[in-house]
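Novice: Residues per chain, in single letters:
Number of protein chains: 2
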Amino acid sequence: MSNQLFKHFNQIVEVHEHEFQKIVPFFDSCHLSKKENILEAGKKCHLNHFASAGCLQMFFISGDGTERTIRFATENRWMTDYLAFQNGTITDFYIQAVEDTQVLSITYDKQEKLLTLFPKLEKYFRFVYQTSYGKSLTMMKYLYDFSKEDIYFHFIEQSPELAKRLPQYLIASFLGFTPEYLSKIKKRS
Amino acid sequence: MSNQLFKHFNQIVEVHEHEFQKIVPFFDSCHLSKKENILEAGKKCHLNHFASAGCLQMFFISGDGTERTIRFATENRWMTDYLAFQNGTITDFYIQAVEDTQVLSITYDKQEKLLTLFPKLEKYFRFVYQTSYGKSLTMMKYLYDFSKEDIYFHFIEQSPELAKRLPQYLIASFLGFTPEYLSKIKKRS
Chain A
120 MSNQLFKHFN
130 QIVEVHEHEF
140 QKIVPFFDSC
150 HLSKKENILE
160 AGKKCHLNHF
170 ASAGCLQMFF
180 ISGDGTERTI
190 RFATENRWMT
200 DYLAFQNGTI
210 TDFYIQAVED
220 TQVLSITYDK
230 QEKLLTLFPK
240 LEKYFRFVYQ
250 TSYGKSLTMM
260 KYLYDFSKED
270 IYFHFIEQSP
280 ELAKRLPQYL
290 IASFLGFTPE
300 YLSKIKKRS
Chain B
120 MSNQLFKHFN
130 QIVEVHEHEF
140 QKIVPFFDSC
150 HLSKKENILE
160 AGKKCHLNHF
170 ASAGCLQMFF
180 ISGDGTERTI
190 RFATENRWMT
200 DYLAFQNGTI
210 TDFYIQAVED
220 TQVLSITYDK
230 QEKLLTLFPK
240 LEKYFRFVYQ
250 TSYGKSLTMM
260 KYLYDFSKED
270 IYFHFIEQSP
280 ELAKRLPQYL
290 IASFLGFTPE
300 YLSKIKKRS
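Read top to bottom, the protein sequences are chains A and B.
Remember, this note's numbering sits 119 above the position in the first sequence when you count from 1.
Remember, this note's numbering sits 119 above the position in the second sequence when you count from 1.
Simulated from the structure, these hints should not be mistaken for laboratory data.
Glycine included, every Cβ here is placed at the ideal spot set by N, Cα and C.
Please note: incorrect hints may appear among the correct ones.
[What the hints assert, rightly or not] Covered stretches of chain A (chain B as the covering partner; in silico rule of three or more C-beta atoms under 8 Å from a C-beta of chain B):
1. 181-188
2. 197-205
3. 248-259
Work out the full structure, taking the sequences as your base and the hints as a guide.
Specialist: Printed below as a string of structure tokens:
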């Protein structure tokens with residue numbers, strides 16, 4: 120389980136086995152059942168999560184009471200509300216397991232301490248955040264620019280494995296459709 | 120001009136004057152006149168820009184030919200298309216000066232070399248990206264959840280100085296309104 124994180128570190132920076140043994144205790148390992156929350160709106164956000172197996176979704180409850188998903192994190196992806204995590208404040212988001220999911224979680228204070236002790240991991244997180252931020256800018260362009268149908272086809276083209284893995288109502292929640300509208304698009308395609 | 124970057128580094132990590140003298144040559148300094156582009160869609164994106172004075176906007180041309188702004192960068196903010204910057208690929212975005220603007224620009228290769236020579240700057244960029252990524256997640260929530268009017272009032276409440284500084288058509292381009300719609304909201308308020 121932590122082996123997944125070890126491999127992911129080594130895709131970006133060189134972390135030796137003996138170093139990793141000192142890194143592991145900074146994390147808490149947690150198994151989430153499908154639909155279990157690891158973060159809830161209205162609570163303080165003090166953990167950053169690495170999905171080592173399974174899939175997480177980050178969503179909020181919109182003004183009309185519907186769940187609106189803004190991100191998924193499958194294996195090797197990090198997920199938290201970074202502003203609330205950084206500032207130790209209350210979050211507006213939920214993070215929930217889409218399927219049975221294994222996460223490694225680290226508190227803000229422990230992450231800062233870990234980075235002081237292993238500065239090479241600054242590069243790792245810099246790269247992870249640089250990529251995630253870049254993707255979010257590109258995602259905003261799609262949301263603004265594409266028609267609803269184009270957003271759907273772009274999503275299944277870019278993330279075919281994720282699209283197969285997710286239930287239809289979650290794809291609808293992510294793309295801002297009703298499940299009925301998504302069915303219509305799929306029938307037309 | 121580079122003094123602004125020196126101060127900003129030192130808000131996050133400790134960089135000494137003698138170190139900064141070795142850092143400065145990694146950057147090219149550039150003055151942009153109002154409406155001048157420093158990045159254009161269809162071209163390779165190989166530079167990351169620090170706004171030391173003035174204001175930049177990042178936008179794309181949407182399918183219907185309108186400019187759609189996704190971010191502004193005033194003093195102390197970094198701006199590029201991070202995915203294209205990281206991958207050395209062609210961008211879909213423009214970066215343009217909103218007013219006379221002074222930028223310090225660094226190529227991808229030079230930034231990587233700089234971070235190898237001064238690993239403490241990994242922490243600086245990790246923090247910058249962590250914050251930017253956190254803000255983009257929160258921005259997505261507003262875009263999904265808020266009514267157009269609420270988006271406008273939230274923007275002027277959160278960024279009163281920027282709202283005063285920007286021409287109305289750019290605020291409209293950022294919030295996804297027509298300039299006429301923005302005028303209507305302002306009259307009603």
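Novice: When the hints from earlier in the document are held up against this structure, which numbers fail?
Specialist: Those not satisfied: there are none.
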